[in-house]
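Based on the hints, put chains F, B and V in the right spot on chain H.
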Amino acid sequence: MKPRVATVWLGGCSGCHMSFLDMDERLIELAGRMDLVYSPIADVKEFPRDVDVTLVEGAVTNDENEEMAHIIRRNSRFVVSFGDCAVSGNVTALRNGFDKEDVLRRAYVELADVDPQIPRDHPTIAELMAKARPLHEIIPVDAFLHGCPPTADQIWFAVSELLEGRMPAFSPVYLRYG
Amino acid sequence: MASTTTSRPPDSREAAQRHPSGDNRFKLLDRTITKHHNSGDALIEVLHAAQGIFGYLENDLLIYIARALRLPLSRVYGVATFYHFFSLKPSGKHTFVLCMGTACYVKGAAVIHKEVEHHCQCKFGETTADGNVSLVQARCVGSCGLAPVAVVDGQVAGKLTAASSLDRIKQWQDEEVTR
Amino acid sequence: MTTEDLHELAEKETDRQRQLRDRILYCAAAGCVSCGSHATRDAIKKALKERNLEKEVEVLGTGCMGLCGEGPLVKISSDGSVYERVDEETGRRIVEEHLCEGRKVGAHLIDTSQPFFSSQQKIVLEHCGKINAESIDEYIAAGGYGALARVVTEMQPQDVIEEIRKSGLRGRGGAGYPTGLKWGIVRKAKSEQKYAVCNADEGDPGAFMDRSVLEGDPHRILEGMAIAGYAVGANQGYIYIRAEYPLAIERLKLAIKQAERLGLLGNRIFESDFNFRIDLRIGAGAFVCGEETALLRSIQGRRGRPRPRPPYPSEVGLWGMPTLINNVETYANVAPIINRGSAWFAGIGTPKSTGTKVFALAGAIRNTGLIEVPMGIPLRNIIFDIGGGTPEGTEFKAAQTGGPSGGCIPAEHLDLPVDYESLATVGSIMGSGGLIVMDSTSNMVEVAKYFMDFCMDESCGKCIPCRVGTVHIYGLLDTISRGKGTTDDLALLEELCVMVKETSLCGLGQSASNPVLSTLKFFRHEYTDLLSKPESFVPSVSPDPASAGPADGPAANDGHDSTTHA
Amino acid sequence: MAILTLTIDGEQLSANDDETLLEIARQHDIAIPTLCHLEGLSDVGSCRLCLVEIEGSQKLFPACTTRAQEGMVVRTKTERLQRNRRMIIELLASEGNHQCAVCVVNNHCELQNLAYEVGLTHTRYPYLYPKKRLDASHPDFIIDRNRCVLCTRCVRVCHEVEGAHVWDIAQRGIHCEIISDMDQPWGTSPSCTSCGKCVLVCPTGALIAKGENVAEMEKKTDFLKYIVTARVKREWINTDGEE
Chain H
10 MKPRVATVWL GGCSGCHMSF LDMDERLIEL AGRMDLVYSP IADVKEFPRD VDVTLVEGAV
70 TNDENEEMAH IIRRNSRFVV SFGDCAVSGN VTALRNGFDK EDVLRRAYVE LADVDPQIPR
130 DHPTIAELMA KARPLHEIIP VDAFLHGCPP TADQIWFAVS ELLEGRMPAF SPVYLRYG
Chain F
50 MASTTTSRPP DSREAAQRHP SGDNRFKLLD RTITKHHNSG DALIEVLHAA QGIFGYLEND
110 LLIYIARALR LPLSRVYGVA TFYHFFSLKP SGKHTFVLCM GTACYVKGAA VIHKEVEHHC
170 QCKFGETTAD GNVSLVQARC VGSCGLAPVA VVDGQVAGKL TAASSLDRIK QWQDEEVTR
Chain B
18 MTTEDLHELA EKETDRQRQL RDRILYCAAA GCVSCGSHAT RDAIKKALKE RNLEKEVEVL
78 GTGCMGLCGE GPLVKISSDG SVYERVDEET GRRIVEEHLC EGRKVGAHLI DTSQPFFSSQ
138 QKIVLEHCGK INAESIDEYI AAGGYGALAR VVTEMQPQDV IEEIRKSGLR GRGGAGYPTG
198 LKWGIVRKAK SEQKYAVCNA DEGDPGAFMD RSVLEGDPHR ILEGMAIAGY AVGANQGYIY
258 IRAEYPLAIE RLKLAIKQAE RLGLLGNRIF ESDFNFRIDL RIGAGAFVCG EETALLRSIQ
318 GRRGRPRPRP PYPSEVGLWG MPTLINNVET YANVAPIINR GSAWFAGIGT PKSTGTKVFA
378 LAGAIRNTGL IEVPMGIPLR NIIFDIGGGT PEGTEFKAAQ TGGPSGGCIP AEHLDLPVDY
438 ESLATVGSIM GSGGLIVMDS TSNMVEVAKY FMDFCMDESC GKCIPCRVGT VHIYGLLDTI
498 SRGKGTTDDL ALLEELCVMV KETSLCGLGQ SASNPVLSTL KFFRHEYTDL LSKPESFVPS
558 VSPDPASAGP ADGPAANDGH DSTTHA
Chain V
3 MAILTLTIDG EQLSANDDET LLEIARQHDI AIPTLCHLEG LSDVGSCRLC LVEIEGSQKL
63 FPACTTRAQE GMVVRTKTER LQRNRRMIIE LLASEGNHQC AVCVVNNHCE LQNLAYEVGL
123 THTRYPYLYP KKRLDASHPD FIIDRNRCVL CTRCVRVCHE VEGAHVWDIA QRGIHCEIIS
183 DMDQPWGTSP SCTSCGKCVL VCPTGALIAK GENVAEMEKK TDFLKYIVTA RVKREWINTD
243 GEE
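Chains as they are written, first to last, in the numbering used here: chain H, 10 to 187; chain F, 50 to 228; chain B, 18 to 583; chain V, 3 to 245.
Isolated chain H, as found in the complex (with noise of 0.2 Å):
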C-alpha cells in the first residue's frame, strides 16, 4: 500500500503549492509513490484520517487555519511545516506588530474599491486570530521545510526522504530561510 500524503493551505499565498507544482514530471513520478488523499489541488472536502504526511502551507491566521490545525495534527502521523510562512509565520505575520481592527480596516474599508465594510457575524467567514501564528505554536510539529516558497529541489528532496520513512536531514543547503 502506498503511503497516504496530503497537503493543505492555511493562512498563505500558495506559492508553495506552486514551487509543489514546479517539480514538474517528477510528479508523475511521486504520483506513483504515493496516494494524494487531500490537497487544494485534489478535489477532497474533508480532510481524511489515517495520513501519513501532511504538508502544510501558512500560518495560522483565523480560527478555521486553528481548528483546522487540530485536525490535522490527530490525523497525521508526520506534519510539514511547509514553506516560511507555516515555519515562521513570514509574510503573513507581518501584520502582528498591528491592532487587529486596524488590520481589518485597512484591508476591508480603506482599501475598498467598492462597498467598503468588514466582513464578519456571518458564520462561513473565519474570525481573524489577534496574531498569525506559526505552526508549531499550535500544534507539534515533526519536520520544517525553509523557502519563500522552499524550491521543487527542497521539496522533492524532503518529500523523497519521507517516503522513505525517514526524516530529512536538511543540509545547509536546504536550510534557506527567505
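It is worth saying that the hints were derived from the structure and are not from the lab. In this text, all values refer to a predicted model and were calculated from it rather than measured experimentally. Incorrect hints may have been included.
One-sided excerpt, in silico: chain V residues whose CB lies under 8 Å from chain H [unchecked claim]:
| hint | residue |
| --- | --- |
| 1 | A103 |
| 2 | N109 |
| 3 | P128 |
| 4 | Y131 |
| 5 | F225 |
| 6 | Y228 |
Derived pair list, reagent style DSSO-like, types lysine-lysine, alpha-carbon separation capped at 27 Å [as the list claims (entries may be wrong)]:
| hint | chain 1 | residue 1 | chain 2 | residue 2 |
| --- | --- | --- | --- | --- |
| 7 | B | K274 | F | K84 |
| 8 | F | K172 | V | K134 |
| 9 | F | K219 | F | K142 |
| 10 | B | K369 | V | K61 |
Stretches of chain F that chain V covers, calculated by requiring three or more beta carbons in the stretch to come under 8 Å of a beta carbon on chain V [stated by the list, open to error]:
| hint | segment |
| --- | --- |
| 11 | 104-114 |
| 12 | 120-134 |
Just so you know, even glycine gets a beta-carbon here, dropped at the ideal spot from N, CA and C.
Chains F, B and V only, in chain H's frame:
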C-alpha cells in the same frame, strides 16, 4: 523662583543673577554642574539635581545638560531612560508607590496591584489620563515588617489591603471631582 | 587629630553620658520611622519637659533595633528594657511610669530573654540600637575610629591585609570571595591611583540589612573603608548607594562631614602620610548596578551595563584604575577584626565561613526584622527560634535566600547550616541576606514567576540570553501557571534556564534562573500538576486506512472521535 | 609582549599574550561564530555566541575579550556550546521581525548565515512581535528597529571611528532600542554626518540604504580595517566598551 524675573525694572546686579533663559531654576542646576567641574562623569548626579529642581526631565533640559557636560545627546538620553528613578514625563498630582518587594509580595501586594490598576484604568509606571494619580511600583521600600506597604504621597502606609488602598485613591478622585 | 585626641574625645563623651540620669533610645531606622517613631519621640520629649527632665534624660534616635514588625521600638538605656509598638500615649506612659515611678509598662514590654534576642550575636549591628546614629562622638566613645588610628599609626598595609586574610572574612555581598585575597590583589596592582568603593546598592527585594547598618552606624562603614584604603593604597573612596534610601544618604552625608571636620577623613589622617576622602554616589533605580562592573559604569555617569570579566575591577576599575569593591556589611566587619584580632573573628562561625551574617527576616514569619547570627547556625534555629515560626495555622514550606538570584530551601533541609558552601549544595546562595519565609499558602510557580518578573524588568538588555531569555522564561512560567502548559513547555523551560545560566554576561543573568531551578528541584509536582500532554496523532483502529472515511469534521472534533468511529 | 602556547580544539598553537582567543582562532582558521564583534571596533562581549570552554573552569568565556594564557586548553565546538549558540540565535529570531523573504539584505545577512550555521530549523519560543519604530526620515538611509539585534556595532562605529556619537541605546532590558540623538527622527539629527558607516557595519537589515530592494543590499565591513589601520589603531579614542 521664576517669579523673581517679573515686573521690577532690572538693575545690573539683578540681571547678573538671572539666568539667560529667564528661568532661575537653571542657576541652581548650574551650581551642581559647576561643582562637578562640568564633567561628563557626573551625569547621574546632575540628572538627580535636575529632576529635584524641575520635577522631571524634559527634552530641552536634557539638551541643556548635554551641552553643559559636553556629552553626546544620545548618551544623555540613553542614561536618563536606563534608570527607573528618572522620569521624562511630569508625574501626576498624587503618587501611589506600591512596594512589590518579596515580603510585600508574599503578603498579597499582587492583589492590590491588580485591583488598583483595574480601578485607575492605568498601569503601574503610568499616570491616569486626567493627570491626577501616578501609579509607581517600588522594588522594596524597606518597611518589610509592615507588609504590604505603599508610599502614599510620601507617607508610608503599612498593612494595606486592596480595599484600603482603593479608599485612598478614591479620596483623591473625589477631591478632583468636587474641584 | 592624634590617637590621644581620639581617646580624649571618647572620654569626654563617656563622661557626658555618665552624668545623665538615663537615656531613652528610639529606633530611627526607616521601618520604625514609617510607623511613626518621630511622633513617639516628640511625645516622649514633651512628657520629659513637663516633668523638667529634659536635661537629665537624653532622647536619641538609633539604628535598627531588629524587631521591625513591632515598631516603633523604644529602649531604656539604664536597664535595657525594650518596648514595642510605642505610640504617643505609650511614650508618655514610659516617661511617667517607667522613668518616674520605676514601674514598667507591661503591655508593651518585650521579653528580651526570648531567642529572638538571646540567639543573636552582634558584630556588624553591635552599635545599632545603642548609639545615636547622628553623633560621631558617641561612635568614638564606643571605640570608634580606634581601629583606623591603630592601622594608620602602627601597622603596615601588608599587615592589615594579612590580618583580614587570617580572619577568614568573605564578601558579604553574596558571592563570598575572600576579602583579604581581594585586598591583596588591589594592593599588588601597579598604579599611581587606586580607589575603594563601597557597594551599597542593596537591590534585592526584601533585603534591608545594608540600609540598617548605614542608617544606624554610618561611621563604621567610613572607618572600614578608610582602613581598606590604607591597606590597598587608595586615597579616594566612593559609596554607591541607592536613591531609595534617603535616610541612609542623609546620615552618610552627615557622617562624612563630621569625620572630615575631625580630620578622620581627608589629608594626613592621624598625622600620617595617609590621605583618604569619601564621596557619595547616588544610584538611580537599577538593580543591575549591584553588579560590580555595572556599578563602576554608573559611578562614571553611564548606563549601568556590565562588561565581561576579566579584567576584574581589582586590576581595571574606575577610570581604568585598580579598584577595590566591597559590600557594606564586609566593610562593617573590618574595624572589629582589627580591634579584636583575626583569631577572635575566625573563631566565630564555621572554619570556611567565619564571623556572623545579618539577615532581613520577612514574609510568613512572626518576628520580622533584622537579625545577626553566627555563620553555620541551622536554618531551623533562625526560623523557629529567632523568627518564632510561621504565623498561627500555617505550616512552613520554604525559605528563600539570595533574593532573585537565590533559591528556595524546603522543609527537609531545615537543619542545613547557613554558610556559603552548604547553601550552594541545595542550589541557593547566601546572597546579601534577605531571608523570606513562605508558608503553605505560597504557590511556588507563582514565586518563581515573581522573581523572573523582577529579573526580566531589571535586565540591562546588553546580552541576548538575559534580555530575551528572561522574557521567555517568564512567558513559559505564565503559560504553565495558567494551566495551559504542556510537558514540552516544561522541557523547554528547563533547557532555557540552564542556557541563560551558562551564557549570560553578568551575575544577574547567570543567577536569574536559580529561583526557577530550585523550585523545580524541590517542588516539581507544583509544576507538573498544572501540565497537559501535547496533542499527537491518534491512529485509526482500522488496519486498512484505505477504507477509512473522512476525519472528524469541524462539528465533532474532540479528538476521541476517530477511534470511536472505527 | 611574550609568546605563549595554548591548545584550541586539540591544536597546539603559539600566540602573543596580548591576543584574544578569537584573534588567535581566526588566524588559524578555527571558526568561532560572532555577531557583536567586528574587527576595527572595541569588543563588548554581548552576543555570547563566541563563548568557549576553558579547561579547569565551569564557566564559559567570550573568545572576543578573553586573552590567551600560557597552557590554556580551549574548546570551541563542544555539544554544550553548539546547543547554546543555537538557542541564542533562536532567542534573537523570536525577539524581532526577522522575516528574510521581505528583507533588503536577504542572502547577505549575518544573522541569517548564523541561523544556517547553527542549524536553526525553527524557533521554539513564541515570537514576541514587538512593534518597534521604523524611521525613514534620513534622505539616504532607513533604520528598522524590528530587525535590530542590538549588537551596538552602529553605536561603536559612530563613536569610535566617525566620532559623531549619533547613536546610543535607550531604555533597558527587552525594551532597549537604538536611538539617534534625543530619540528624534534620524533625518533631523544635528550630529549625524550621513557618513553611512553604521549602515555598512550593521549585520542585519536594521540599517539599510534607501532605494535597495529585497535581497539587493550587501553590507561591506572591510573598510573599517583600513580606516583603523590608517588611524594607528585608534590610540586616542577612549574605547572603554563604548556603547
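A quick look at each hint next to the structure:
1. Interface hint at A103 (chain V): satisfied, since its Cβ lies 3 Å from the closest Cβ of chain H, which is below the 8 Å cut-off.
2. Because the smallest distance between the Cβ of N109 (chain V) and any Cβ of chain H comes to about 7 Å, under 8 Å, the interface hint for this residue holds.
3. Among the interface hints, the one on P128 (chain V) holds; its C-beta lies about 6 Å from the nearest C-beta in chain H, closer than the 8 Å criterion.
4. Contact between Y131 (chain V) and chain H, as hinted, is supported at the beta carbon level, the nearest pair being about 4 Å apart and thus within 8 Å.
5. For F225 (chain V), the interface hint is violated, since its Cβ never comes within 8 Å of a Cβ in chain H; the closest pair sits about 26 Å apart.
6. Given the 8 Å rule on beta carbons, the hint for Y228 (chain V) is violated: about 31 Å separates it from the nearest Cβ of chain H.
7. Note on K274 (chain B) and K84 (chain F): the hinted pairing holds, with a Cα-Cα distance of about 17 Å set against a maximum of 27 Å.
8. Proposed proximity of K172 (chain F) and K134 (chain V) is supported: the alpha carbons are some 20 Å apart, at most 27 Å.
9. Taking the CA atoms of K219 (chain F) and K142 (chain F), the gap is near 14 Å; set against the 27 Å cutoff, the hint holds.
10. Proposed proximity of K369 (chain B) and K61 (chain V) is supported: the alpha carbons are some 23 Å apart, at most 27 Å.
11. Here's how the segment 104-114 of chain F fares: 3 of its residues keep a CB closer than 8 Å to some CB of chain V, so the rule of at least three is met and the hint holds.
12. Proximity of the segment 120-134 of chain F to chain V, defined as three or more residues with a beta carbon under 8 Å from a beta carbon of that chain, is established by the 8 residues found.
When each numbered hint is compared with the structure, violations occur for hints 5 and 6.
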